[in-house]
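2 protein chains.
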Amino acid sequence: MTDSPLIIFQPSGRQGRVQTGITLLDAARQLGVDVDSVCGGRQTCGKCKVIVERGEFVKYGIQSAEAHVTSASADESDYFRRHPSKLSTGGRLSCVACITDDVVITVPPESQQRKQVIGKSAGTRPIEIDPILHQYYVEVEPHALGERRGDWERLQEALAREWHLQHLTIDIAALRQLTNALKAGKHKVTVTVHGGENQEPIPNPQSPIPNHTSGRVLDVRGGFHEGLYGLAIDVGSTTIAAHLIDLTTGETLATEAAMNPQVSFGEDLMSRVSYVMMNGNDGLRKLTESVIGTLNTLIEKAAKRAKIAVNEIYEAVIVGNTVMHALLLGIDPTELGAAPFTLSTHAPIDVKASELGLRLHPAANVHLPALEAGHVGSDNLGVLIAEAPERQDAMTLLIDIGTNAEIVLGNRNGLWSCSSPTGPAFEGGQISHGQRAAPGAIERVRINYVTGEPRFKVIGKDEWSDTLPDADIGATGICGSGIIEVVAELFRAGLLRSDGRFIENQEARTKSQEEINPQSSIPNTRSYMRWHGPKAEYVLATAAQSATGKDIVITQDDVRNIQLAKAALHAGCKLLMLGMGVSKVDKIVLAGAFGSYIDPLHAMVLGLIPDCDLATVVAVGNAAGDGARIALLNKTRRAESAQLARDVNYIETAIDPNFQQEFIGAMHLPHMTDPYPTLQALGALPAKSANEPDGRSARRERRRERQEKF
Amino acid sequence: MTDSPLIIFQPSGRQGRVQTGITLLDAARQLGVDVDSVCGGRQTCGKCKVIVERGEFVKYGIQSAEAHVTSASADESDYFRRHPSKLSTGGRLSCVACITDDVVITVPPESQQRKQVIGKSAGTRPIEIDPILHQYYVEVEPHALGERRGDWERLQEALAREWHLQHLTIDIAALRQLTNALKAGKHKVTVTVHGGENQEPIPNPQSPIPNHTSGRVLDVRGGFHEGLYGLAIDVGSTTIAAHLIDLTTGETLATEAAMNPQVSFGEDLMSRVSYVMMNGNDGLRKLTESVIGTLNTLIEKAAKRAKIAVNEIYEAVIVGNTVMHALLLGIDPTELGAAPFTLSTHAPIDVKASELGLRLHPAANVHLPALEAGHVGSDNLGVLIAEAPERQDAMTLLIDIGTNAEIVLGNRNGLWSCSSPTGPAFEGGQISHGQRAAPGAIERVRINYVTGEPRFKVIGKDEWSDTLPDADIGATGICGSGIIEVVAELFRAGLLRSDGRFIENQEARTKSQEEINPQSSIPNTRSYMRWHGPKAEYVLATAAQSATGKDIVITQDDVRNIQLAKAALHAGCKLLMLGMGVSKVDKIVLAGAFGSYIDPLHAMVLGLIPDCDLATVVAVGNAAGDGARIALLNKTRRAESAQLARDVNYIETAIDPNFQQEFIGAMHLPHMTDPYPTLQALGALPAKSANEPDGRSARRERRRERQEKF
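Listed in order, the protein sequences are those of chains A and B. Position 233 of the first sequence, counting from 1, maps to 233 under my numbering, and the rest follow consecutively. Position 507 of the second sequence, counting from 1, maps to 507 under my numbering, and the rest follow consecutively.
A portion of the hints provided could be inaccurate.
Treat identical chains as interchangeable: a pair holds within one or across any two.
[To be verified] Here are the computed lysine-lysine pairs in the DSS-like style, where the Cα-Cα straight-line distance is at most 27 Å:
(1) Lys286 <-> Lys183
(2) Lys550 <-> Lys635
(3) Lys352 <-> Lys286
(4) Lys635 <-> Lys183
(5) Lys86 <-> Lys304
(6) Lys301 <-> Lys587
Please keep in mind that the hints were generated in silico from the structure rather than gathered at the bench.
Start from the sequences and build out the full structure, keeping to the hints where you can.
If you want it as structure tokens, here you go:
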């Protein structure tokens, strides 16, 4: 036995000599080892459980088989009897076990305060769990007859004494609970604090009191109470998704999604803006109420699924595009419908859930991250929060495709963003047989380069069309990813010219085909191509294969609409590259549902995205929702994001003279001027000689383009 | 003409030389003359109107009959054409009229920013109008295509540029209005800010920017809009009164009052507390909703009477006792019903009106001043705000009588407060024919010291009973002031002994009577006194004079209950005097409706209040409401009051051993031990020899008292 035994903490390896008799928790704090504790040493919360290792640790010079800590107290034994799941060999509550001699202690992951969870986004970067809310268990002095302090004053003193929390305010909802919570808990209460710093009890009496920001008490419950939940919500134009998250573990307990009910007021954002313009405040109220109502339903479902009470949800982070952001808050979005696309504010907003009509805890806060610009909303900021391009060297292009495509380009040296008016074509709009991604929609397409014959896959079937009886296919239309693939495949198969027109000259077509596949016979496209005068259409699914009993075709206009959409997207990317002064990107991140479905190769063949190593093109799914989750779980990243939104350089495509120029240039497949070495290396493009106009024909092409005035 | 003409401002007399060509407003600011301006020099608000004097001002050395200012601009002429009521001879807008030569300017009272209104309280001290809210008229830069700032960011910049307001936040209600207000006002808006400092535009570019606190934007309206109203509300146990006040002029535009609907749940506070104890949260909710509902009705009525919109009311200050305070906020008051009388908080509370269910402007704030202690609420603090004893040398005793009497004693050297359990006797409770102050209640009583015959006055009649036919009197009972007078008069008439018992010994009575009025004949009291064995009752009103057809009498028990009440009050006063270490007070202030009705002489005869020059006993009516009004109109006094509440020393009568002792001693009329030189000088007491027991009989008295166990 020694007066200053050696203590070694695993897995950090931190070690040092401490005074005999102090608790393992105090020893951990003295050595800067991260051990959680909520109850402040009252043997109640079990968060500080550690494993006292037995055996010889020769490398540390410890050669005793004894665990050199004091025996369990009655309260500690009682704790483990009440929580048998927490008991493991050597398990002790570090707030009560005291060191008697040299010892090795393992801090299990669940006992670390700064736990990490892995994000679902592409980078799978761990998120450090450090939310803006915390719960504290404190014992409040009873009120003595004749003294002046009220319950709140004594609670403040307890929070200052035990947790160093200063300058707190209390919500009226918590004040209403306070007296009865103190009574029910016999002066011991669990307090939920929003924004209050210090998460640790006083480290040791010698340390200077750290500087604390003010916080707000949202809730007071009698006794020890665990239950601190939050919501990460992505309000999309079409879909609303809510993730219910345990703010102490980072675990997603439930995810609920629903159609955005505003669809019934207008499919796309602009028609909803028009609805408000036509119907005034009443229309605005209806749109707001519909989305709030749906959110409340999702919240109730999620809470039920996770078996928690809705009033244990104290925080929600909501991201969305600028129009959805306005409609959610009850702000008239009319100004967003026309130049100069004025936002009410681009700053992050914190507002009480009750003021929005959201049914969470009555004092719950809703955080809406900053907006970047009139067309670039907090959903895009969510992508930035999740992908963190500002922390990377790689020149990253982030693309989130919807009716507008939000695009961000950059790395740690700077970020540029813009919104590009791609229109609804990528979502199936303005396409003859276009439809939403739903069962029956054609989502994958391959065309036989020799015969011109298509095969395809519909959503809801695992097999391709050529392995199913026609009657079993039931194709209903073509969704976004299918549209991209069919146009890219038509081009690759030599059925489309680089300018987007179907090849009317069979000879030219044959020649091109021969070059791609010299061994092929002359293809017979008569079954798949139909000509109506100068205009053609391609039959993707026959009447027999379709659920409608009619052919599903791609028309010349469909191809033109895809060209317009992809040109807008490409022009946006190009503007940003000009802004950043780069000619090539290192990495392309496709965000959103659409990004997950499209095939990078086909997207590149279309010229939808600039040239890039295909291996570095990644789809990250709902990165906006991931960003909301990160802003919910990590207050530092949340705070950074407000600055991030201000730091992103924004290009207004509507007024940038380069945009029109790039847009026109980008109509060609894949692109008239940009090199696509990646595609050429892969042989993914039709031979240039056949489809790319030479000098003379190029001029003719352009003249014809002007005549067709797109 | 001179390069630095002399300008003299009236009535302040401030003068100085300024640069030729600057506006009169700038000149005023340079010389520190208080001239109001809301619109920041846009010739819109008219607040800065001054009178340009003509004529010779020999004493200033000005001998020209010309007004040496520039002529009115088209905008200024337009302003006066639109507001003909504002035009007076020499009237000019000081923001536009520029000085050309020596001139004398009068600033009319309505153009002074720091206007004062006279309070209704005893001191009739002027209140400086400096509310926590202000309206600002600003011009916001239009949004340029491609720029990033939103409406809120540009509004912040305008408020910083024109009014030096920094670190503002905006309420969601205002954010919802912002875009359309800017559109409606063509970028000119009137902004209502809560808590934001500086009320003046930038004085001149050379002055250092003053230090500003943060504020909150509550409302934004298009164009120039005047309308900034607040409510001062006193929620009493019985009556609720709301005063609607113009926060720019201090004028009370409307006052509405109603019964507290909680009366139907329990007449006194303790029975309402019991109701909550019996009915739990449901009971609490009902009590809260009833008072909020009544407040909303009063607010609507007041707004209608004042012809303003409810959503132009941005602030309410509400005072009340501690139980009403809790019930208004929806806080369980159970703890206030028993020792140790724990408050949820004694701090001032600011809460959104909407969170309490009050229908004002949706972003309106409700301020509830601090509570002093478990029994001493913000109504008492309101009295302190209004009376400001802490600023005076006179040792002042403030008494607010209700079911409990709140008492404060002190001066600038310190304040002591307590709550004394007077019980309901002073309000007519526990008195055989007691009733509330309402038409028909006997409020004034005089007894003929010779005959013992009473005469009285009922509420609602101007005449005394002896000048009316019996059938026209219609007495229904006795209210508090009547009870005090009848007991004091019975004592003065020698019908009551000092110990409170009716005089059974006619001989002694006769003797006393002779001493008071040696010329009187022996009175015949047989018509007015009735004896039931040892107990007697005094007939104040006959069956013929009463509305009930029965005699209205004062019984021995009634007298005893008044003795208990007055003893409690006296003991409270005595405790405070002990606390302050004084034996005499300089001034007594009676607050509340009851205080206005009782006669100081009778109160002193009863021993209700300690000895004091009767000329310094003043009734100030609803001083609590006055205090609320001051806290509404002057933010400095509001801030001071929070400190005042903390500074008042509180004595808990329930545990102070001196209280019981003083209480027992104070049962006698006027008091067993205290000298009342004032009364003796006035001959207002019966002769001491007859009624004051001598040593031997005093001991007998006390024994008898103990036997009667009161």
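### Task
Of all the hints given earlier, name the ones this structure violates by number, lowest first.
Result: hints 2, 4, 6 break, sorted rising.
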